[in-house]
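Peer 1: Chains as they are written, first to last, in the numbering used here: chain A, 1 to 277; chain B, 1 to 401.
Bear in mind the hints are in silico, worked out from the structure with no lab data behind them.
Possibly wrong hints are sitting among the right ones.
[Claimed, not checked] Sample of chain A residues with no beta-carbon within 12 angstroms of chain B, all distances over it, derived:
(1) GLY9
(2) GLY39
(3) GLY73
(4) GLN74
(5) ALA91
(6) SER94
(7) LYS132
(8) SER172
(9) GLU179
(10) GLN212
(11) GLU266
(12) ARG272
[Unchecked claim] Calculated lysine-lysine pairs in the DSS-like style (CA-CA distance at most 25 angstroms, straight line):
(13) A:LYS198 with B:LYS197
(14) A:LYS137 with A:LYS115
(15) A:LYS259 with B:LYS248
(16) B:LYS232 with B:LYS301
(17) A:LYS259 with B:LYS307
(18) A:LYS115 with A:LYS38
(19) A:LYS67 with A:LYS193
(20) A:LYS137 with A:LYS10
(21) A:LYS182 with A:LYS198
(22) B:LYS83 with A:LYS259
(23) A:LYS193 with A:LYS71
(24) B:LYS307 with B:LYS248
(25) B:LYS197 with A:LYS224
(26) A:LYS67 with B:LYS248
(27) A:LYS41 with A:LYS137
(28) A:LYS137 with A:LYS20
(29) B:LYS83 with B:LYS261
(30) A:LYS187 with A:LYS198
[Claimed, not checked] Taking CB as the label site, the calculated pair distances span:
(31) B:THR142 with A:ILE241: 27 to 37 angstroms
(32) A:MET184 with B:THR142: 38 to 48 angstroms
(33) B:LEU364 with A:SER250: 13 to 23 angstroms
(34) A:PHE139 with B:VAL126: 58 to 68 angstroms
Here the structure is a predicted model, which means the values were calculated and not measured.
Don't be surprised by glycine CBs; every beta carbon is placed ideally from N, CA and C.
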Amino acid sequence: MSSSTIDYGKTKTFLIDTTKCTGCRGCQVACKQWNQLKGEKTTFFTGEGYQNPPQMSEFTFTRVKFKDYEKHGQNEFAFYKEMCMHCNDPACASVCPVGAFHKTPEGPVIYNAKKCIGCRFCMVACPFGVPKYEWSKAFPLVKKCTGCYSRVKNGLHPACATACPTAITYGSRDEMLKEAEKRMAAKPDRYFKVVYGKEEAGGTSVLYLTQQPLDELGFRPVTKRPLPSYTWQALRFVPGIFLTVGGTLSLVTWFQHRKDRVRREEEERNSRKEGNQ
Amino acid sequence: MTAARIVMNEIKGYHRFIKFLMVLVGGAALASAVRFIFGLGATTNLNDLYPWGLWISFDVVTAVPLAAGAFTIGIVAHVFHIKKLEPLVRPAIVTGFLGYSLVCVGLLLDLGQPQRGPYVLFNWNVHSPMFEVSMCVMAYTTVLFLEFLHPVSERFGWHIPLRLLRTLELPFAILAAMISTLHQSTLGTFFLIAVDKLHNLWYNPLLPLQFWLSAIFTGLSIVIFEASLVHKYMGQPDESDLLATLTKIIPWIMGVYMLVKVYALASLSHGPLFDRPVLTALFAVEVIVGLLIPFGMFLTKRIRTDKQMQLRAASFVIAGLVLNRFNVSMFAMHQPGQPAYFPNFIESVVTIGIIAAHILFFVLVAKYFPIFEHHPEATDYTIPDRFRKIEKHGHGVASEA
């Protein structure tokens, strides 16, 4: 949890302009290739729409969701690339009992499989439903988008951002936010007036520009507050409560047993007196 | 060979119900073996949408408050020094020890990498509620084990450990309360991170406080429940006079809990409360059956004398707590539009086996160890003065340490 020392403005960030996405799914393929992920056997139309595979999984770290809608009486498609949002203050990193997740200063939130005990709290905690589990294995681990940390560390762009012909821009968070504002100002009709990821979950390293309202595209409404603060507001009292309970009960014990002690001493005194007489 | 025959003969003499429990436990052991061979995905209905199912909801989140009898009765009897409640302490500690041991079993079954469990001891993340709970559960299982050694050393006449254990009785009672306060409340903290997932009827920042308070009054109810059943089915003395003392304490804590719950619902919830009929119904059942009815029962005078009513009220409280924990950890975590999660056969067999194991081990421990023969007038439980001898005083003029 070194996230407090990170300057988020400088972290590498994806700007995904869904209005420019052609739905080619080059990002899906590039991701599979770079991460050496197995293909999944799927059937068409099993999910909520045309997309395939039907959801992200242990074998699929990113995929393009298809959304059909009507515009000027014409059927249109909108595309939305689903992936790990690489939160500034990630919930997964905060709830992991062994600290298997951390936010790198470069931007990606990465997972250390060697530490993981398999409790799956990260999956419960993630507001975007990103970490997936190796349900196919007897001793499973968590799988999720790595933000191509191994590439980013060496000055390359992530595989999906490299493969994308149109929609993904990659750079520092400050620059990407500026770019997003610039595009929205330049073509006000084209964009829905919210940058998803600017404030969601306290800010993320993946930013989205859309044409449709976010919920129509299937973006989850997520709190603007960093999620770890929700649990920390209770957990920070732990040492204090521990000592208070111990101290209070010790005092109560001393007091309650005192009556006994006093009575016994009195009895002893009385019996001694009786003995003297 | 002879040892095995002695064991077999011993088992043959057991009641049919005990043998039935043994079959259930055996079935669960088999099911766990299947889980470890084929993996969680193949043997449970868990998936990426429902990473936590029956094993977390019942075997961990519900079983921990159900095992709270040990620390609550420990505070009441030892810290508040209500000595006449002493006979209730040992059965509660045995129940607690069994409960926590089985929580550990449930956790190991549910973990993807159970062999890495001890990693928690070396890779600290103090921001994680799970870290806190695992540390506490490990620590408290150890404390309960040491407390459980008390009847064991009496049984085998280990004098030096007994002397040590009797000296530590009070510190252990306080330590148990300190550790339990932390992890009982932190189980509530777990779900504070699920801010956009847990429904508003249960989600509020005071969830940890509610978990802690409900663990206390349920812990005391469990003591009533267990003492009543042990009287009914195991031929132990009727303790309803002692239980009456507990029925005076419980409604106070329930009252505070209800005030906290009402306050949290009224002014700390963030969104619509009654927008989902199923959850509203579950909430109503939880509050009416688990809180209002037993609260009313505990407030009536008759409960001081009527052991039937004590048992019924305690059962209502326990049922309410079980429903509450399931609501928080399973039902209200369900998102509208998603397919529902139902535990499958193997998951259910394991959980039933864990419940059966609890009853089975309790009966067996009660059979072979002195956990009921602990009345102040019959047994001297002060610290033995000499290392080789447990002194038996005739008239309870025990010299206290």
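Peer 1: Now, for every hint given, state plainly whether the structure supports it.
Peer 2: Now for the hints, and whether the structure bears them out:
1. Distance to chain B confirms A:GLY9 as a non-interface residue, since its nearest Cβ pair spans about 23 angstroms, more than 12 angstroms.
2. Non-interface status of A:GLY39 relative to chain B is upheld: no Cβ of that chain comes within 12 angstroms, the nearest being about 18 angstroms off.
3. Non-interface status of A:GLY73 relative to chain B is upheld: no Cβ of that chain comes within 12 angstroms, the nearest being about 29 angstroms off.
4. No beta-carbon of chain B comes within 12 angstroms of the beta-carbon of A:GLN74; the shortest separation is about 28 angstroms.
5. The beta carbon of A:ALA91 is not kept farther than 12 angstroms from every beta carbon of chain B, the shortest such distance being approximately 6 angstroms.
6. With a closest Cβ-Cβ approach of about 5 angstroms to chain B, A:SER94 is found to fall inside the 12 angstroms limit, against its non-interface label.
7. A cut-off of 12 angstroms between C-beta atoms contradicts the statement that A:LYS132 is not in contact with chain B; the least separation is 5 angstroms.
8. The claim that A:SER172 lies off the interface holds: its Cβ sits roughly 27 angstroms from the closest Cβ of chain B, which is beyond the 12 angstroms cut-off.
9. Under the 12 angstroms C-beta cut-off, the non-interface status given to A:GLU179 relative to chain B holds; the minimum distance is some 28 angstroms.
10. Residue placement check: A:GLN212 keeps its beta carbon more than 12 angstroms from all beta carbons of chain B (closest about 19 angstroms).
11. Distance to chain B confirms A:GLU266 as a non-interface residue, since its nearest Cβ pair spans about 14 angstroms, more than 12 angstroms.
12. Against chain B, the non-interface label of A:ARG272 holds: every CB pair exceeds 12 angstroms, the least being about 16 angstroms.
13. Pair hint A:LYS198 plus B:LYS197 holds up; C-alpha atoms about 21 angstroms apart against a cutoff of 25 angstroms.
14. Between the alpha carbons of A:LYS137 and A:LYS115 the distance comes to roughly 17 angstroms, so the proposed pair stays at or under 25 angstroms and holds.
15. For a cut-off of 25 angstroms, the pair hint linking A:LYS259 to B:LYS248 stands: about 22 angstroms separates their Cα positions.
16. Distance hint between B:LYS232 and B:LYS301 is fulfilled; the C-alpha atoms sit about 22 angstroms from each other, no more than 25 angstroms.
17. Simply put, A:LYS259 and B:LYS307 have alpha-carbon atoms about 32 angstroms apart, too far for the 25 angstroms limit, and the pair is violated.
18. For the hint pairing A:LYS115 with A:LYS38, the CA-to-CA distance comes to about 24 angstroms; that is within 25 angstroms, so the pair holds.
19. Taking the CA atoms of A:LYS67 and A:LYS193, the gap is near 19 angstroms; set against the 25 angstroms cutoff, the hint holds.
20. Among the hinted pairs, A:LYS137 with A:LYS10 is inconsistent with the structure: their alpha-carbon atoms are about 38 angstroms apart, more than 25 angstroms.
21. The suggested pairing of A:LYS182 with A:LYS198 holds, with an alpha-carbon distance near 15 angstroms, which does not exceed 25 angstroms.
22. Among the hinted pairs, B:LYS83 with A:LYS259 is consistent with the structure: their alpha-carbon atoms are about 13 angstroms apart, no more than 25 angstroms.
23. Proposed proximity of A:LYS193 and A:LYS71 is supported: the alpha carbons are some 18 angstroms apart, at most 25 angstroms.
24. Taking the CA atoms of B:LYS307 and B:LYS248, the gap is about 14 angstroms. The hint holds against a cut of 25 angstroms.
25. Of the supplied pair hints, the one linking B:LYS197 and A:LYS224 holds, its CA atoms being roughly 15 angstroms apart against a limit of 25 angstroms.
26. At most 25 angstroms may separate the alpha-carbon atoms for a hinted pair to count; A:LYS67 and B:LYS248 exceed this at roughly 61 angstroms.
27. Distance hint between A:LYS41 and A:LYS137 is fulfilled; the C-alpha atoms sit about 17 angstroms from each other, no more than 25 angstroms.
28. Under the criterion of a C-alpha separation no larger than 25 angstroms, the hint pairing A:LYS137 with A:LYS20 is inconsistent with the structure, at around 38 angstroms.
29. For the suggested pair B:LYS83 and B:LYS261, the alpha carbons sit about 33 angstroms apart, so the restraint of at most 25 angstroms is broken.
30. Between A:LYS187 and A:LYS198, the direct Cα distance comes to roughly 19 angstroms. Compliance with the 25 angstroms bound is thereby established for this hinted pair.
31. Against the hinted window of 27 to 37 angstroms, the Cβ-Cβ separation of B:THR142 and A:ILE241 comes to about 21 angstroms, which falls outside the hint.
32. Under the hint 38 to 48 angstroms, the C-beta atoms of A:MET184 and B:THR142, about 59 angstroms apart, miss the expected range.
33. Take B:LEU364 and A:SER250: their Cβ atoms lie about 36 angstroms apart, and the range 13 to 23 angstroms is violated.
34. Checking the proposed 58 to 68 angstroms range against A:PHE139 and B:VAL126 shows it is violated: the Cβ atoms sit about 27 angstroms from each other.
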